[in-house]
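Protein sequence lines, in the order shown, are assigned to chains A and B. Quick note: the first sequence uses the working numbering, first residue 1, plus one each step. Quick note: the second sequence uses the working numbering, first residue 400, plus one each step.
Think of the hints as simulated: they come from the structure by calculation, not from any bench. Keep in mind that a hint or two might mislead.
[To be verified] Output of the computed footprint for chain A on chain B, the stretches with three or more beta carbons under 8 Å from beta carbons of chain A:
no.	stretch
1	462-468
2	490-501
3	536-546
4	569-576
We treat Cβ as the ideally placed atom computed from N, Cα and C, and that holds for glycine.
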Amino acid sequence: MREYIARLAENSLPKAGKVKSGRTPHAVGLIVAATFILLAFSGCDNTFSVFQTISQEEKQIGADLFKNTTVRAMADDSSNYYALLGQVVWRPKSTTSEGSWDVFSVNGSTDYFAAGLAGDGTNIYVAKADGDNVLDDIYVTNDGGTKWTAMNAATGIGSDVFVDWLKCANNTLFVAVHNSASKYSLFYYDGSSFVSAGAAVSGIDAPLVDILYDGSSSYWLVSDSKVYKGTTLGAIAEDSTASNPDYDRYLLGIASDGAGRVIVSRKDGYIYSYASSVWTPIQIKSSTKLGPVFFLTQPASTPRILIGKGVSSYGYMEYNESTPTLKENGSSFISTSSSIYYSTMLSKQVQAFWQPVNEYDATKKTLFILLASGGTDTYALYRNDYTISTGSWSGWTAE
Amino acid sequence: MSKKLLVVIVLIASVNALTLGAQEKTSDPFAAARKKGDQSITILAGGFIPLFVLDNNGALISPSNMYPGASFGVQYRYMLGKSIGIGGSIAGSFVTTVGGGTLFFAPIGVTAAWIGGGEPMEYEISTELGMNILRLYGNGLIEPYAKLGAGFSRYVSSSWSIGAKVSWCFMPEFHLGTYSSLNSYANFLEFSVGAVYHF
Numbered sequence: 001m002r003e004y005i006a007r008l009a010e011n012s013l014p015k016a017g018k019v020k021s022g023r024t025p026h027a028v029g030l031i032v033a034a035t036f037i038l039l040a041f042s043g044c045d046n047t048f049s050v051f052q053t054i055s056q057e058e059k060q061i062g063a064d065l066f067k068n069t070t071v072r073a074m075a076d077d078s079s080n081y082y083a084l085l086g087q088v089v090w091r092p093k094s095t096t097s098e099g100s101w102d103v104f105s106v107n108g109s110t111d112y113f114a115a116g117l118a119g120d121g122t123n124i125y126v127a128k129a130d131g132d133n134v135l136d137d138i139y140v141t142n143d144g145g146t147k148w149t150a151m152n153a154a155t156g157i158g159s160d161v162f163v164d165w166l167k168c169a170n171n172t173l174f175v176a177v178h179n180s181a182s183k184y185s186l187f188y189y190d191g192s193s194f195v196s197a198g199a200a201v202s203g204i205d206a207p208l209v210d211i212l213y214d215g216s217s218s219y220w221l222v223s224d225s226k227v228y229k230g231t232t233l234g235a236i237a238e239d240s241t242a243s244n245p246d247y248d249r250y251l252l253g254i255a256s257d258g259a260g261r262v263i264v265s266r267k268d269g270y271i272y273s274y275a276s277s278v279w280t281p282i283q284i285k286s287s288t289k290l291g292p293v294f295f296l297t298q299p300a301s302t303p304r305i306l307i308g309k310g311v312s313s314y315g316y317m318e319y320n321e322s323t324p325t326l327k328e329n330g331s332s333f334i335s336t337s338s339s340i341y342y343s344t345m346l347s348k349q350v351q352a353f354w355q356p357v358n359e360y361d362a363t364k365k366t367l368f369i370l371l372a373s374g375g376t377d378t379y380a381l382y383r384n385d386y387t388i389s390t391g392s393w394s395g396w397t398a399e
Numbered sequence: 400m401s402k403k404l405l406v407v408i409v410l411i412a413s414v415n416a417l418t419l420g421a422q423e424k425t426s427d428p429f430a431a432a433r434k435k436g437d438q439s440i441t442i443l444a445g446g447f448i449p450l451f452v453l454d455n456n457g458a459l460i461s462p463s464n465m466y467p468g469a470s471f472g473v474q475y476r477y478m479l480g481k482s483i484g485i486g487g488s489i490a491g492s493f494v495t496t497v498g499g500g501t502l503f504f505a506p507i508g509v510t511a512a513w514i515g516g517g518e519p520m521e522y523e524i525s526t527e528l529g530m531n532i533l534r535l536y537g538n539g540l541i542e543p544y545a546k547l548g549a550g551f552s553r554y555v556s557s558s559w560s561i562g563a564k565v566s567w568c569f570m571p572e573f574h575l576g577t578y579s580s581l582n583s584y585a586n587f588l589e590f591s592v593g594a595v596y597h598f
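Isolated chain B, as found in the complex (with noise of 0.2 Å):
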């Protein structure tokens, strides 16, 4: 059911992307020189990949139980200059679990991004940082997390561009008192596709 689910938000994405690309071509297509000032949001789906988890000693928990979900997301972003972009982000994931659960996260954050290549391709490392929101069999957490990312897209009009992007994402849980053993360190790999438009 989720991976059909995912390639429809892909599919959706992508084809939206390019028709409203094609609908915009200007005589310049690719007149996309970023400068300070310049916004995009970009809409992203894609797969979620448990990779690990470690223990309050940093011990590996094995197996984690999780199996591969997707995630959706919704990035705007801000540039500085022109290499240098700022924005936030929000975006839901999920993951299903061995014993038939599902566990979800929203993670809301501030990102900062890099920003190289030319056109019609762009290159970016990003970051992103703050609280994400943690929901299993009815229990909520609300976490820090950080992710570190890299990806390209391509230009298909002067408003609009393609890509995908790889992030690692760190995930940790914290408790307090008497209860810090329970604090686990989730390490997850997060893929996706989309469409980015410029303003």
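The following block holds chain A by itself, in its conformation from the complex (with noise of 0.2 Å):
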């Protein structure tokens, strides 16, 4: 073996007197070395640490049932909160998170689909559906799940209806479909039966992405195209008002101050605020699809949005009107460390942001995120305390 490869060496050599044209071996080695130090270097972040960052790093122990899914939407009663997942999960208020979730019997079952959930903090909103999303009924309890109603939803929004939403704003519970046209609709419960809530939102091509009410006077709902406002329930029509963010499949998220202000967030890095009857575009980051949006104000005097990214690492971004600011990767604000925002963010969708309505501890102020964590084998809901007397944040800690 070893006289071959000598061999094979000694004729690869250049003969005496030929001359070897071009760049030596040696020159390419050092051009590729150099390009690759180069290269890597230009991808160096001085402002992070890797050891000082793992060194923050808590560990997450949640509950199995939000490893590695999707939460899509949360609500609340006095006692409990509940989360969406394929099925309605829950856990009481009062006991801690890690191992206490479990899921909800509705209507005497754990064997179903839930397609929709909803709370107003008193009742619970459960939308059943078949495996194809085929709207069964939604049901309804008040007292933590004992006694439930069926709310013969069928009846009113019709049986080839898919479930995409249900929400309670204004403490009216709003149900959002599409039929198998693929066209999108609103209803609301008028208190014995479900109506559309506006010929402007009944049957129309853009699937419906939210709704709210502002605090003040209206109702305010977006699809993936365009805005719609309401006085009175049944009468939601198109926002007229000029500079509005309306655009094709632009508009992904909307939410309210409760005081009558709206913002809506873009696919172009833009939310558009709306106040005393004008809309402001306010830019988040350039060229930048956002997520969801959420008003925080705790603390109340510097009130921030929330922002999910669009993009693929995901989370969040925090946004500082007074400033005003834009914070990344949980470099500041509710965030306690980056390392912590890295470990239990990164990579994932955010789907909403929620409070609830009922704090069961009035010292407090608990915001939980709801994210997609399919694929990463961690968990798809955390929350994050934020103390009224001394103004700090927990930090995010796995459910």
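Both chains come to you apart, so use the hints to assemble them.
Here's what the structure looks like:
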């Protein structure tokens, strides 16, 4: 073997008198190495410490129910939290989170598929559907699931409908659906039956994203293309205010401060703010797809806007309007450290931010973040507690 | 998962070495006297254990929040004489973190070693210097590193030997200007088994 290699090496050497042209192997190697190092250095972040980031991490132990899944909605009553996966899961507010979540029995059964969940702080609404997401019925309980009432939703909404989401706004239940022809409609419950929320939001082509009440006078609805508004239930219509954020397939989320102001997030890195009958665009991050938005009023002196990121790293950003400043990657505000942000949020798409109607501990304000954690083998629901007296956040903890 | 992967890699490397060795048995299987110009390629696989991390002031960062991981490497060596060899190394390692993350290392360096012992057993003390690519949560750094190791190997044929090695790995990270407070000095213990092909 050695002799063979020696012969091979000998044959490969340049013969006497021959001059090798071009770069020597040494020079090529140096160029390759220099290019490699240059490229690698260009990706370095002088502000990021690997080992100190790791040293600040915290072990996350949540319920296995939230691993590798998507939490699509949450609700609460005075005693319990509820979260929507493929089924509804719940835990008492009085217990610690670890291991205390369980499947919620709806109308006496834990063998069901839940297409929607909503709550107004007292009533919990669950939409049951078959395996194809076709509406079976919507059930309501006001005693933590002991007694259920079927709402005969199919009578008002129809039988050929797929439930997209449920939402309570201003103590009214809204149901967004689409049919097999991909026509989207919004219904609301008037106390006795489900009726259309308006002709303008019945059988439209664009998927409905979310609805809210602005705390002043109006319900606001967004499809992925248009903003709708109505002061009267059943009369929600397209918003015709100049310079509104309407744009085909661009709208991603809506939020309100509860005092008449509304913001809408878009795919192009802008949020549009509505106040005093005027829409104002605010560039959050250039050419960056955004996601769900949320007004965070803690602390009251410096409220922030939380914005989900629609790009591949996902997670969220925090925007302080008073400065204004944008914080990413958990570098400030409600994340106690970047390392906790990275180990809990990175690569997970934000579905929603949510705060309970009824705080169990009056000294705190609780914030949940609902995530899609599929493929990460990590959790899809995290909680962050704000202590009012100290003005500090606890940091994200797995539920 | 990582432990199972490590075991599989080690087994494959060992069995491969032994099998090839058996195929190439010569009349004198240990005729492997070292001399200038001899070359070898080593494939190593093993564990990678976090020892401790110091901060910018030399204080211990505790806990380090890292769990043991695994490493894999390939080394080339050229003998300058009977006992001194130089060469290069490329490797990949990882450790997991308490938060569920994974820290990857990709050190590329030059090596120098003193080799002693006779046939069939050889012993070595080696050192390695180079650049280390670190990757965590999508953030990357390139930093220098140094290794100091010792190991042994046994010839199983004239071309193959198998052995084991333990190395102390010093992996600092340096930051510039106002971020120099982020400087950290991490220390790991790497232990590995491997197969060496001599030519």
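To see whether the hints hold, each was checked on the structure:
By the rule of at least three residues with a Cβ nearer than 8 Å to a Cβ of chain A, the coverage given for the stretch 462-468 of chain B holds, with 4 such residues. Beta-carbon proximity to chain A at under 8 Å applies to 5 residues in the stretch 490-501 of chain B; the threshold of 3 is reached and the given coverage holds. A stretch counts as covered by a chain when three or more of its residues have a beta carbon under 8 Å from one of that chain; for the stretch 536-546 of chain B and chain A the count is 6, and the coverage holds. Against chain A, the stretch 569-576 of chain B contributes 4 residues with a C-beta closer than 8 Å to a partner C-beta. That satisfies the three-residue criterion, and the hint holds.
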